[in-house]
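Number of protein chains: 2
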Amino acid sequence: MFNLFSLKGGLNNVKGFFCDGVNVGMKKGEDGDVAFIRSEVPCDITARFTSNKFQAAPIKHYLNYEKDFKTDFILMNAKNANAMTGEKGIEDIENIFENLKEHYQVKNPIMSSTGVIGYRLNQEKITSAFSKFDYNAKNSDKTARSIMTTDSFKKELAFKIELDDGTSFNVAGICKGAGMINPAMATMLCFITTDANIPKADMEALLTEATEGSFNRISVDGDTSTNDSIMLLANKLSNAYNKEAFREALNKITFELAMMILKDGEGANKLVAFEVKGAKNDAEAKKASMALSNSLLVKTALFGEDPNWGRIASTIGASGVECNDSSLSIHYDNLLIYSNEERELDKERENKAYSIMKNSSFKVSCDLGLGNGSYTSYGCDLSYEYVKINAEYRT
Amino acid sequence: MFNLFSLKGGLNNVKGFFCDGVNVGMKKGEDGDVAFIRSEVPCDITARFTSNKFQAAPIKHYLNYEKDFKTDFILMNAKNANAMTGEKGIEDIENIFENLKEHYQVKNPIMSSTGVIGYRLNQEKITSAFSKFDYNAKNSDKTARSIMTTDSFKKELAFKIELDDGTSFNVAGICKGAGMINPAMATMLCFITTDANIPKADMEALLTEATEGSFNRISVDGDTSTNDSIMLLANKLSNAYNKEAFREALNKITFELAMMILKDGEGANKLVAFEVKGAKNDAEAKKASMALSNSLLVKTALFGEDPNWGRIASTIGASGVECNDSSLSIHYDNLLIYSNEERELDKERENKAYSIMKNSSFKVSCDLGLGNGSYTSYGCDLSYEYVKINAEYRT
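Heads up: the protein sequence lines correspond to chains Z and Y, in order.
Counted from 1, the first sequence has number 1120 at position 356 by the numbering used here; the numbering is strictly sequential.
Counted from 1, the second sequence has number 768 at position 4 by the numbering used here; the numbering is strictly sequential.
In short, the hints are calculated from the structure, not lab data.
All C-beta atoms in this analysis are idealised placements derived from N, C-alpha and C, irrespective of residue type, glycine included.
Worth double-checking, as some hints may not be accurate.
So, partial list: chain Y residues that the calculated Cβ filter (under 10 Å) puts toward chain Z [to be verified]:
1) M848
2) G1074
3) L1146
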């Protein structure tokens, strides 16, 4: 049907897209703090935003555009979320884009921000980027670095998809996020570009599916930011498209970016898949699985590398889903940890459990033994470092 | 109407109740690990148990008694929760009580356990307490210490209530719990004794009210244990009773014990009241208030003494309740932190906010500005120490 190849770099691989990031003095060090992604022709765009009721000003600004608008420019900044800033926050964005138009012609520009809540943007610093940008650069690395906040590494990916008829298209993505993920704050931002000739309706449907299978399944700390955004831009310049191929590429890119966020979870050392199966239905499985990803006691036991399955069981019981201790079984990877017949860990299994927990990633699988509902979410451990990062975030 | 006096000590103040605690080698150090509370006459008893679906064996054992049973004996142990132990866990309790009857005659004895999940009780050690107990002791201090796990101080209280007609009764309580509170695990156990001549129907109604106003409003880490139990025992020996007076005493004792648990929150340094008012209704206010008590980002900001109100606002927005940023206002104690007109903290108010956050207790009050719903929950900060305690709990 089609072949999918991993490419080096990120957004630089997609025809007709340009990007760059510069430092205007908001972030210490060499990384940028203001960046852009532009397309040489107007793009269709689909976005998913935070479920937080206090959506930040850039999201409100985006939602003021008419349905099915096209855009050729996204401006991003770090260090300030432009959230809880009211009408002024939206006016600031409009003023910034007025200024941009003196440097570069753009159509329906979009802004995306991450950083501290409750402060107006520094317009002077942000607009100072407009004479520093190289508008014809394909600088995915600098762009991905510019949106980093507490991230410890940049997150970019790209795939080439070759179809049977010899045509091909590319899909690339960058994202940021390390804490406040559910999907969440310190904010999760993700920008995906493609030159596939994808219909707008497919963009909507496939981005919903991809988000549900990736960013909506991860949790660092159960908090959800005011600014979380996932955007898919398609400039159609390749003239190639196949829905199944695009679905696979998009699902892959969003899942891998989501796992990068989780691996970069603030202070996190372990990536754990929490599979719940045998639930009454999928909704109950999801509820129990997300409860495991979010439980402080589970997360601290992971950090302590303690195979304390009692906390796993207790968290499922506390989540409110239908369950009972005689039909429940728990595995760590392929090791049986608990079942009705094997309630106490003997020394041999306990030692095996200890060694699984020393791995940097493993699976906790809980079979409720009641039905066909299943769901897998992905979480991480909670370390001293998380507390440190979040106690000191503003200072 | 009546006068309420605080008394020294705890359970020792109530006529006809006896208690003692001894160490049988399950707990290191001098504190006991097995204890009892008994009454010289059978008591009416009312209990509230965890909402966790995996209720521990002692709770199942309790629920096997017929409705309105009377009891004269509660046996408690630390270090082992007897949870997820199945039918064997209940049989173990029955065997322990068979053994007890060789030492002391009891009627419908109850067991209450706290500790690690997933291991059978050590019957030999627990029954060895039966020849060590002083069954005529009024040793509230040793009893309260025996049920401690990660608690750093014992929790006991007692009140005397003098009625206008010259009669009086006493109410006393002990409890334990420092983590897994929501109300929750490392388990919250609370035992309240009274000699008031209270009707069973009032015991039910007033304990429900008192629990809702106290233990159900506190959160250390959002987890709910398999063993949480609150028991009210009334032996009626005083022959005195007044419903309003008893309500006040019971509400006071449960609220103060709940605050002790929160002050002893694992690694916690601050006790914070999260008041939400102006919500569409009380249920929405509760949802937002509990979200604040449970948010990792709010808890780490409290630990960092950072007046980062953005995390407060973001958590309310993420909780799913109806709210908007133009009708919202936030106060720390009496200091206005955010309103539609005052969105950015100036230096003077920020400095005042810093000094409030250095206090060991204060109030965060959020007015959603939409209706008359209100609710206050109580939380604490999250420190390195919490992570340490919970990463190392079993070892």
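**Asked** Which of the numbered hints are not met once you compare them with the structure shown?
**Response** none
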